[in-house]
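**Q** Each chain, written out:
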Amino acid sequence: MSSQRRPSPQAIQLLSALLVEARTWRYGYDLSKETGLGAGTLYPLLDRLAKQGLLESEWLPSELEGRPPRHAYRLTRNGVSFAQTWQEAPKHADGPRGKLRPARS
Amino acid sequence: MRQLALILGGWAARLMHPVRPTQALAMYAEIENLPDRAALVWALGCLAAACRLRASLLAALIVGARLCVALAAGLFGYVHVWSSTHNLWFKLQIMSGVSPKLPASFINGLNSQPIDHWVWICVMFSTLGILHLIAAAMMALGRNDKVLQLSVVVIGLDLLMSVAGLGGLTLSAIYIGLITLMALVSAGLAWLWRWDERRMALT
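Quick mapping for you: the protein sequence lines, in order, are chains A and B.
In terms of the working numbering, the first sequence opens at residue 1 and continues consecutively.
In terms of the working numbering, the second sequence opens at residue 1 and continues consecutively.
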């Protein structure tokens, strides 16, 4: 279930980073570098977005031989429209309007 | 550098796992997949995140109590190693003709028993002291399982001491009482720690 309230600036930053290549699996470290968010902020956010159905996650095999699988994340369809909504919404808006309202699940 | 990153990341993952298992595993997996320097920076960030996540008043009190008990047990162990080895050392000095600058009553006490008695005392009490020092270190690290195992060994050694006639029953009973108290405190603090983890995992 996605919230109607404006996400935190960090969440918008993260959603924007994920939106650049919406259907590509992304790793925690790369997202942290891109957004400047530390592990302590990034992972709880990823967890919350996944619980809201905006993100999907999967353990993918590492590209490096002999290394353990990495946890990867990408936006769901709901997540893409939610991210687009908030990326376009003005900063003072307290909720998305009209057809861009994120779907309830 | 890589090894250090893995150690720090391991600590972070262990601290975080009971509260946020997926996050702990995901963070640790990143370390394994990063180049050395980036892995170390990431591991430090993970450790800071784990400490922040796990920080609570109760956790601070538990760690504080653990450190206080560990300090007391460590001092107890250190005094046993120090005093028993010094007694043996003074006895050897007296036997070799050197008279150490000690009170006469102390020298008389040393002379009242043969050297094998002091060797036996040194071995038993040093062993007891070292076991207390190890137990103190385990207590400080929060390794309740090791503290309980060491307590059983110490109780066994105390009983052996009383059977061998060293220190008498009263001394053994005091030692058994102290180590049992330490084991109970350790188990209680470990239970509280797990309760705090469960409480945090639910929030």
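Bear in mind the hints are in silico, worked out from the structure with no lab data behind them.
Any given hint might turn out to be false.
[Unchecked claim] To give a feel for the contact side, a few chain A residues facing chain B, derived at Cβ under 10 Å:
| hint | residue |
| --- | --- |
| 1 | A22 |
| 2 | G28 |
| 3 | P44 |
| 4 | D47 |
| 5 | Q52 |
| 6 | G53 |
| 7 | W59 |
By construction, the Cβ of each residue, glycine as well, lies at the ideal position given by its N, Cα and C atoms.
**Q** Give a verdict on every hint.
**A** Evaluation of the provided hints:
Hint on A22/A is violated. Least Cβ distance to chain B is approximately 20 Å, over the 10 Å limit. Using the Cβ-Cβ criterion of 10 Å, the hint placing G28/A at the interface with chain B is satisfied: the shortest such distance is roughly 5 Å. Given the 10 Å rule on beta carbons, the hint for P44/A holds: about 7 Å separates it from the nearest Cβ of chain B. At about 6 Å, the closest approach between the beta carbon of D47/A and any beta carbon in chain B falls short of 10 Å, and the interface hint on this residue holds.
Here the hint on Q52/A is broken, as its CB sits about 16 Å from the closest CB of chain B, past 10 Å. For G53/A, the suggested interface contact is broken, since its CB lies about 16 Å from the closest CB of chain B, more than 10 Å. Because the smallest distance between the Cβ of W59/A and any Cβ of chain B comes to about 8 Å, under 10 Å, the interface hint for this residue holds.
In summary, the structure is inconsistent with hints 1, 5, 6 from the numbered list given earlier, while agreeing with the others.
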